[in-house]
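J.: The lines below spell out each chain.
4 protein chains.
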Amino acid sequence: MKVKRIGMLTSGGDCQALNAAMRGVVKTLAHSGQKVEIYGFIDGYKGLIYGDFRMLTGSDFSGILTKGGTILGSSRTPFKTITEPDENGLDKVDAMKQNYYKLRLDCLVVLGGNGSHKTANLLSEEGLNIVTLPKTIDNDLWGTDMTFGFQSAVDIATAAIDCIHTTAASHGRVFIVEVMGHKVGWLTLNAGMAGGADIILLPEIPYDIDKVVDKIEEREKAGSKFTIIAVAEGAISKEKAAMSKKDRKKADEKSKYPSVSYEIADQILEKTGREVRVTVPGHTQRGGSPCPYDRVFATRLGAEAGELILKNEYGFMVGYRNREIVKVPLDEVAGKLKYLDPDATIIKEAKLTGICFGD
Amino acid sequence: MKVKRIGMLTSGGDCQALNAAMRGVVKTLAHSGQKVEIYGFIDGYKGLIYGDFRMLTGSDFSGILTKGGTILGSSRTPFKTITEPDENGLDKVDAMKQNYYKLRLDCLVVLGGNGSHKTANLLSEEGLNIVTLPKTIDNDLWGTDMTFGFQSAVDIATAAIDCIHTTAASHGRVFIVEVMGHKVGWLTLNAGMAGGADIILLPEIPYDIDKVVDKIEEREKAGSKFTIIAVAEGAISKEKAAMSKKDRKKADEKSKYPSVSYEIADQILEKTGREVRVTVPGHTQRGGSPCPYDRVFATRLGAEAGELILKNEYGFMVGYRNREIVKVPLDEVAGKLKYLDPDATIIKEAKLTGICFGD
Amino acid sequence: MKVKRIGMLTSGGDCQALNAAMRGVVKTLAHSGQKVEIYGFIDGYKGLIYGDFRMLTGSDFSGILTKGGTILGSSRTPFKTITEPDENGLDKVDAMKQNYYKLRLDCLVVLGGNGSHKTANLLSEEGLNIVTLPKTIDNDLWGTDMTFGFQSAVDIATAAIDCIHTTAASHGRVFIVEVMGHKVGWLTLNAGMAGGADIILLPEIPYDIDKVVDKIEEREKAGSKFTIIAVAEGAISKEKAAMSKKDRKKADEKSKYPSVSYEIADQILEKTGREVRVTVPGHTQRGGSPCPYDRVFATRLGAEAGELILKNEYGFMVGYRNREIVKVPLDEVAGKLKYLDPDATIIKEAKLTGICFGD
Amino acid sequence: MKVKRIGMLTSGGDCQALNAAMRGVVKTLAHSGQKVEIYGFIDGYKGLIYGDFRMLTGSDFSGILTKGGTILGSSRTPFKTITEPDENGLDKVDAMKQNYYKLRLDCLVVLGGNGSHKTANLLSEEGLNIVTLPKTIDNDLWGTDMTFGFQSAVDIATAAIDCIHTTAASHGRVFIVEVMGHKVGWLTLNAGMAGGADIILLPEIPYDIDKVVDKIEEREKAGSKFTIIAVAEGAISKEKAAMSKKDRKKADEKSKYPSVSYEIADQILEKTGREVRVTVPGHTQRGGSPCPYDRVFATRLGAEAGELILKNEYGFMVGYRNREIVKVPLDEVAGKLKYLDPDATIIKEAKLTGICFGD
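Chains as they are written, first to last, in the working numbering: chain W, 120 to 478; chain V, 120 to 478; chain F, 120 to 478; chain C, 120 to 478.
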């Protein structure tokens, strides 16, 4: 039997269940009886560019189902810079292709998010055999209803809101918890609803600060001394949303606030005299052991990716749609973001229960 | 505006997110501006039969999003006995109708599992306005892809397997973790996969003990000294599955084992000389704070139930299908179980990664 | 039997196990058969000053063992301002005494930290019957080896470091986790050791930034691409520690950094070219359900406080020393901080294992 | 510099923080600059007897601070059988000595509980250089106030009671949670108090079943429909405690119950007509990641053990007394159990709050 030579890399910001997904791929290959050699590239595409890899065996993937992070290391290599030569004039795309061929790889498995999928698609178009897996806490990848990392991040952000809840209630205070998500609001929406936030501000639904203030005062009148606000990193005011991209960038650069949450806090103080505390769980949201949901989900995706490899079907991301595992052509995925629809049912339901989105 | 008079009860074994779901209903009604009176029946249908209730206000539902159990209490009132008179000759169905009319209820919200839905459907057929919500850790309700309680139970059962994993590995032992589920295997399958179980035995896939033993020995040969087996309460051997229902019952009565796990442990001991430890997380699986997934999910279902009430649409369970909230006619739900298909994709994927189901 | 009239208040920043401690007091009184009336003052000393209270019964304390925050609410009323008249010219100390006598209280139970103990001692000196319980996540109260809230906060801060650990390792980065503690380092030290931090910077051990940089580079040479630094809010450089208090204050005011962590991050960047990420779990550290250790500990202290009340012994904080519950005269506690000794055994042990304190 | 040759083994039932403790030892040796060779014996004393070991390096101990179980494996080798020849006539004590000398070890580090300390003391008396660390979830080792594993086990058992609490309250039921501890009650006492158990039954305080029943009925009269009972595996009735050891053994053998909890459940049913549910978290209590308390504690003990080795001080267990790390001569530790004193302050306090011990 011919040995299959399989490259593997994890790219972009790390998240939970990367190891679980890789374990799913490798267990499937091992269990099939197919002989394989696994070339694990170190620190994402960088490893592929510079030929930095180590050979992995089954035992490397044993016991990592519950382990956070990635045993391969990861790094961000923005798509924009991928197509530019490095500081020594090296053509990176060319280098990746050369290393792929030099190692006589049969395929390359890429675990990544949005940017990583653009590069994966490029490599696929350049003729490499690529299979990808949708990794991101943001759940913003096109072509799949769900990404692994997302539910684990929801759990961590919710735990933060839970902690803030007891202290906010005890002190009768307004608290902002800033949740990850520069462009999309899935994570903030879900953590906000799970944590019982009263106000949720998302990139997809520009907010009117007066609506936010109204909600706080309405709660106060009804006897609730405290208010919890879940704010996505990329939450945006109606004023700023109306600006041109250029003006917005200028405004951001001029801003004295480390993030939008602090600006909102200041505005609430100004308009109501209430001091607002800001908490930023930050990078904790992408760390730690994956939750059971993500472990199962990543294992399933990994198994399907393993099967595609066994069948020599390449050029796909393994995704999840309408409760079915599907293979999505890479060129459909690359370059698109899956935004939260402001008219989505879940938003309607959140509003039914009285949650304010500032719109 | 006419006040809406709404009865509410939680029936059957309790589970996580019952309170979250009721909060979703009540918050939606309150936020709509509709005036309501909430009659909370104590301990499930028993409260409705004997007119045991208390009036609830908005503040009863404040702060309970994260609280396990049910603020109304619950009890099991099997469908079979519902249609029989009680020890004082009281006709229970008649009593429920009388209490409903006496309190001039506009509708009754029932949170329950399988048995409870049969009774809910009966009451609906008798002319009462019923809305139900799908509650069970077993995820075995017909008409909905998901029930609340399920994911929280997966988390708890997985945590148990995680703990067992380290001790099994340290001692090189075979361990059985018995997971809840007499008739269906959703919970065991998901907890087993999330916990990295090597063997998973389910009610829907009768096992051959020799296949189980083979897997243990195959692992040993490959250098793995320990094996984790996730066994559903209702796991069944091929021999027993082939019996008539009557013979099976007889066999169960004669069995000296407290549950099937202990029988399997004994058989492994006999066939391999290996002592097997059994751990039974038991009722812990339905207790404690709901996980974030269940909190969001139950809130959404509750909101939709609230909307149905506002629109006077009755006779439905609020369910979830293909990622959409749907209303399912009660007579479609009642009396059917949603089994796990042995040919389901998730089973295929689990097998791809080498998990043994004993078939 | 004469009814005992007992006032109770929680003062200062909230923390875990406040409810558990109050439950311990009230359960002990109830179980003794002594008839009591509980006057719960709202939002700390403020409630006592302005006569804002509500009567509490046994059922208010049922089910709150595991509940974070405080059912009485809390607020910070600094000792300095306590002795000053309020904006309407009200003498606050006088007002507290008057309310105490007007309600004919037999005693006042105060759950508080450092500042709160100064006020408690003052009231005691003014003739009120006071019993206090040591509440703070900082574990900096004089006269007791342990305070409740501390271990729960250690758990939360450690969980944050655990999450950061996987992401730091995956990306080969230097990460700072800023842990609460402006004046003392108990929390940072314990969370840092539990989270496997490589460098721990504390208020009691001024750091030399070059020692910090050396450690990072030493780790790199030894093959560890990442470094975790646990920094207390009140960590201080050797330069600043050498300043007069006045100069230090001036330097703080001029600083462009939101906290010392960001300054350290910048210095590391300058000296090594390495980008450093800062994570601030912030207020989450004082919220959420108390850990089992704190529940037991707070219950024990509460029980002993209840017994003191039954015996009419006042003027004490119930503390814990050398594994025994002790009563400590209030004037011994007030105004002193329990610092971490830089020569403590635990510091020596941490250093033995290679942890760098920057000294 | 002479290389130090250090043997290491983990013996008896595994528990949390074994890896953390070994990491503490090895980090201390590495950081001291002392050259060392670590011989890790596989599966406890068995590895030493049969010469089964592997060489360990610093990297084996990296990243294991948070990892449950033991990287060396463990097994129970009862003291009684240690002094008997094996099935091939091998003198085990002699074999251990020979392997120690053959490998030219400078010392042996033993992590173990009660039985393991008897063997360690024997080896010490035979002239080997021994340092031990107190490992057990039972906290029953003589000579130390605390053992690692204990607090982690308290956390897990408490989490189980927390889950049961919500379901017990929802169904108005009596629930027994059986906590580990055949001979001592530390774990059950602490988990019971932390979980809010109403009744706690311990090996050291024989119970009167009528007192248990009285408490249940007293609670019912006071309006509490449910009762939580924490029962140690070794809980014992007054009748049985009064028996001779021989009679007791006979009674145990005749018993139809898998454990005392089931017997108590039956007795409550008989005397009150109430069905009682039993939950047994079992082996989960010794598994999973150590809690922060145990990680810090085990690291400290490990560091001190490392320092003893550097100073060539042998024949000691590193323990913890009155908040100080101490070295305890092995012959003081061996063969003694640290029981819970029925008159201990913590028991008094538990009783003050109304907890019933059945005495």
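Hint data in this document are derived by calculation from the structure and do not stem from the laboratory.
Take the hints with a grain of salt, since some may be wrong.
As the list claims (entries may be wrong) - With beta-carbon atoms standing in for the labels, derived distance ranges:
1. C:Leu456 to V:Thr176: 36 to 44 Å
2. C:Ala360 to W:Ser178: 21 to 29 Å
3. V:His301 to W:Ala361: 53 to 61 Å
4. C:Arg367 to W:Thr176: 47 to 55 Å
5. F:Glu394 to W:Ala341: 43 to 51 Å
6. C:Gly177 to W:Thr176: 54 to 62 Å
7. C:Lys121 to V:Lys330: 53 to 61 Å
8. F:Ser178 to C:Lys470: 16 to 24 Å
By construction, the Cβ of each residue, glycine as well, lies at the ideal position given by its N, Cα and C atoms.
J.: Next step is simple, just say for each hint if it's right about the structure.
T.: Verification of the supplied hints:
In this structure the hint that Leu456 of chain C and Thr176 of chain V lie 36 to 44 Å apart at CB is violated, the actual value being about 55 Å. The given range of 21 to 29 Å is broken by Ala360 of chain C and Ser178 of chain W, whose C-beta atoms sit roughly 51 Å from each other. At about 58 Å, the CB distance of His301 of chain V to Ala361 of chain W agrees with the hint of 53 to 61 Å. The hint said 47 to 55 Å for the Cβ distance between Arg367 of chain C and Thr176 of chain W, and at roughly 54 Å that hint holds.
At about 46 Å, the beta-carbon gap between Glu394 of chain F and Ala341 of chain W stays in the expected band of 43 to 51 Å. Our hint of 54 to 62 Å for Gly177 of chain C and Thr176 of chain W is violated, since their Cβ atoms are close to 22 Å apart. Roughly 56 Å separates the CB atoms of Lys121 of chain C and Lys330 of chain V, a value that falls within the hinted 53 to 61 Å. Range check, Ser178 of chain F to Lys470 of chain C: Cβ separation about 22 Å, and the 16 to 24 Å hint holds.
In this structure, the hints that do not hold are numbers 1, 2 and 6, in rising order.
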